[in-house]
Amino acid sequence: MKYKVSFFVNEEPVELYVPANMTLLYVLRDMLNLTGAKDGCSAGECGACTVIMDGKPVNGCLVLAPELDGKHITTVEGLSKNGKLSPLQEAFIAHAALQCGFCTPGFLMTATALLDEDPHPTREQIMKGISGNLCRCTGYKSIIEAIEDVASHYEGGKRI
Amino acid sequence: MKYVGESLQRVDSYKKVTGSATFVSDVKLARMLYAQVKRSPYPHAKILNIDISEAVKLPGVKCVITGEDYKKRGGLYLEDRNFLAVGTAKYCGEAVAAVAAETLDIAEAAVELIKVDYEELPAVTNAIDGMKPDAPLIHPDLGSYKVIPIFFPQPGTNISHHYKLRKGDVDSAFSTADFVTEHSFFIPHIQHVPIEPHAAIALYESDGRMTVWASCQSPYAVRQALSASFDIPLNKIRVISQAVGGGFGSKAGTTLEGIVIPLAKRCQGRPVKLVYTREDEFENAYVRQGLHATIKTGIRKDGKIVALKNRFIWDGGAYTEYGVNIVKAAGYASPGPYDVDNIWTDSYCVYTNHPVGGPYRGFGMCEIHFAIEQNIDIVAKETSISEVEIRRINGLRKGGITGQGEKMIVSGYHDCLETVLKEIEYDKPCVNTSPVKLRGKGIAACWKAPSMPTDVASSAIIRMNEDGTFFLMVSAMDIGQGSDTVLTQIAAEVLDVPPENITIRTGDTDHTPYEWQTVASRTTYCAGNAVKLAAEDLKSKVIELAQIKMCAYKRELEFQNGFVVNKMHPENRVPIQTFALGLTLPDGSGVGGPAIGVGTFVVPNNMNADKYTGMGEHPVAFWTIGFNGAEVEVDTETGLIKVLKMVSCFDPGKVINPLTYQGQVEGAMVQAMGTVLWEELKLKDGHILNKNFVDYKIATAYDIPELIVKVAENAELTGPYGARGIGEPVMVPGAPAIANAVANAIGCRFTRMPITPDDVLNALKGKNKK
Ligand code: FES
Ligand code: FES
Chain L
214 MKYKVSFFVN EEPVELYVPA NMTLLYVLRD MLNLTGAKDG CSAGECGACT
264 VIMDGKPVNG CLVLAPELDG KHITTVEGLS KNGKLSPLQE AFIAHAALQC
314 GFCTPGFLMT ATALLDEDPH PTREQIMKGI SGNLCRCTGY KSIIEAIEDV
364 ASHYEGGKRI
Chain X
3 MKYVGESLQR VDSYKKVTGS ATFVSDVKLA RMLYAQVKRS PYPHAKILNI
53 DISEAVKLPG VKCVITGEDY KKRGGLYLED RNFLAVGTAK YCGEAVAAVA
103 AETLDIAEAA VELIKVDYEE LPAVTNAIDG MKPDAPLIHP DLGSYKVIPI
153 FFPQPGTNIS HHYKLRKGDV DSAFSTADFV TEHSFFIPHI QHVPIEPHAA
203 IALYESDGRM TVWASCQSPY AVRQALSASF DIPLNKIRVI SQAVGGGFGS
253 KAGTTLEGIV IPLAKRCQGR PVKLVYTRED EFENAYVRQG LHATIKTGIR
303 KDGKIVALKN RFIWDGGAYT EYGVNIVKAA GYASPGPYDV DNIWTDSYCV
353 YTNHPVGGPY RGFGMCEIHF AIEQNIDIVA KETSISEVEI RRINGLRKGG
403 ITGQGEKMIV SGYHDCLETV LKEIEYDKPC VNTSPVKLRG KGIAACWKAP
453 SMPTDVASSA IIRMNEDGTF FLMVSAMDIG QGSDTVLTQI AAEVLDVPPE
503 NITIRTGDTD HTPYEWQTVA SRTTYCAGNA VKLAAEDLKS KVIELAQIKM
553 CAYKRELEFQ NGFVVNKMHP ENRVPIQTFA LGLTLPDGSG VGGPAIGVGT
603 FVVPNNMNAD KYTGMGEHPV AFWTIGFNGA EVEVDTETGL IKVLKMVSCF
653 DPGKVINPLT YQGQVEGAMV QAMGTVLWEE LKLKDGHILN KNFVDYKIAT
703 AYDIPELIVK VAENAELTGP YGARGIGEPV MVPGAPAIAN AVANAIGCRF
753 TRMPITPDDV LNALKGKNKK
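Read top to bottom, the protein sequences are chains L and X.
Add 213 to the 1-based position in the first sequence for the working numbering, that's all there is to it.
Add 2 to the 1-based position in the second sequence for the working numbering, that's all there is to it.
Hints may contain errors.
Stated by the list, open to error - Label pairs and their in silico Cβ distance ranges: (1) 56(X) - 329(L): 36 to 44 Å; (2) 686(X) - 228(L): 46 to 54 Å; (3) 329(L) - 438(X): 35 to 43 Å; (4) 246(L) - 211(X): 25 to 33 Å.
To be clear, the hints were calculated from the coordinates, so they are not data collected in a lab.
All figures in this text were calculated on a predicted structure; none of them were measured in a lab.
For every residue, glycine included, the Cβ atom is placed at its ideal position computed from N, Cα and C.
Make the full structure from the sequences, and use the hints.
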């Protein structure tokens, strides 16, 4: 049986018929060809699939497609506007907060939601906030510093 | 220098922050089929019968194969492996059959319908037991396997390689030593845990061409292995490796590619895709080999180590086609970075019914240094010479002699030691913040050489476009370590053009030139040299033509900022793109043709060591040496260890990019910390008990200590701009430095990793009883 769901992805309306057991991650990756969100475990344990749903970071692999009706989803593909990178994307580049890059979309989404919620978190809050996202390459320090950089240099999306 | 040594932003970062980097799992092709694998539930079992009749009948199933369909064995150094089990299943989870179907769900359902009858066989679940004469044989036909003749399998046993290092006269050296002491260590299996699980797609077309998309570190090695196993000529097989989501060695060999190819062969025109689950990744990608190490040390009163006797028994798992070389590398590096005259080492690779052991960042060095560097501290304590002094006395200096008898032309050992001591303030006692939380500091050294055949080759091609921009083509893969950036910087330096004018292309065996493998921390050195030579070749060809145009001798001309410039008369300059397609003479005729540079590299004068003693004049390309320091806090009530600070100092020869260097080192320290605190593949009778991230913990952002990265640069004579490899070595000293710090904090020594809270509490209990 398939469910009809209408929702928004990166501000664009989407209408789909989805199987009950399909996850948001595979709605994005397979049905919408938005492959930025990654599958690292399919079990809610690595954060590679993180996207933002109604302002909150969620593991795409744990959200079932029928729950999507009426929701607003933001993926890594929606972070840059008209080719302009978001401050976090810029900071990840400047700090080399990525190596293989497989975890990067997930970190960017978690960090975006974190700063939306509290634009000036402490280092400790950042470390805690991103601890559900696994990275095997960077050792996290550069990621934490990239987020700190944005937290201390931006106010309401503008550089201060 | 203009670009080398600068913190250039990673050239791959834009696509990685926008989600547009394409990993194999992101690739979707028209009419794609999905593969699933039937796996053995037993660690060791005879396959009596496989019934696929129900599976093939399921609507949507395109084909089902078993090991009987492809019986040819393969392997990198020792041909002991089938991609699908033939006759017996040798580890729990081994592939015995595979399905390709229209959807993943159908493939999964079909796998359930395959019925396999097994007869369980006694399993070998410990390498030491596996060496015993009465152990069940895992490869009874070992004697008939094809092997590269620098490895010595012992038919009729489970030993697939016995490496020997014999230097000096250990027995008489031990008899003259003032102290002789022996200690044993154990390092269990761990897994690489790249966040991207392995993935592969194969497409077989009617004209006999096979295209494989693989998340692999070494597309040419994969092409070779697949060509040999499936009898496909090299000009008909194309391996494409796009973005690779971390490898750490696990993507160095050929694994699931060998399953999609036979499926694709039977489903002509339909791409077949297989993506590992996290559970598969733990069980069916490689794991790090386990190690039982014993070190006997003879030392004089003045602190000089006079003799070492090492016995390494490696748990190689069910197949050791790659693992035998790790055992060899560990054998020749067995003394560590110390100048010791008398050494006797036996390093054994032993088959067990465990998951397949393979290359893991460090290639045996993390394992042996956990033993070597704790042994140094233990010996220091036993002889009442400080652990710092012992290292100062015995550490390899320039002009010192390695375990294999080679003279060190350059060594950063002492520079790195002093820097780490200073940064961790080793001479200052720790300040405990609570009576139940005890702090301690530790240090550890390491060395590593690329473990590769002496004659392996690299190449690079660089082409100038009509506007003076460039394409650089190599097959060294950026698996996160930053090679795309570093290689671009090297080319930019030679050509004196901004790095953004150079686009690097990698990983397509039809189009990018030969590279042996992206392993062994050899890419900056080997591929870097090839790129430098290619850029120099292009430059020299352009200058050749510029002589005519600029009426000057070659020696007077150079590349500057996108121009060919006359050094004596800098106003006399011509944009480089003038020569992109050759030179047009005043009469309209053309000479030269398109500007293409070619660079090829093999390590100069790298020769095999003696087969029986391991001695050699120049058996390895170079040694990378460095140190870590660590400060820890041990909670004596809970047993929890918190790492407060880690310091790294290595001698990379020359840092090409400080930003990516720092990233490599930080990542390595945190990975090493995870291995010594938490990581272990828990095996019970050959079954893995922790195949997920809840039960197998790796470090998170919340766990990381303060990380300090230092360098001591002593140029490598044959390295590009003096650089040598660092990606693997920088992980090696982390675990022993932390173990030494823990020992210094609570006075208990842990010879097994990981050091769990239970271990700590038990040790403290034992200590208090005494
Ligand atoms: S894929 Fe969703 S948390 Fe790992
Ligand atoms: S950059 Fe590779 S997993 Fe994070």
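Now for the hints, and whether the structure bears them out:
1. 56(X) - 329(L): 36 to 44 Å: Since the Cβ atoms of residue 56(X) and residue 329(L) sit about 52 Å apart, the hinted range of 36 to 44 Å is violated.
2. 686(X) - 228(L): 46 to 54 Å: 50 Å, holds
3. 329(L) - 438(X): 35 to 43 Å: 40 Å, holds
4. 246(L) - 211(X): 25 to 33 Å: Holds - the Cβ-Cβ distance for residue 246(L) and residue 211(X), about 26 Å, lies within 25 to 33 Å.
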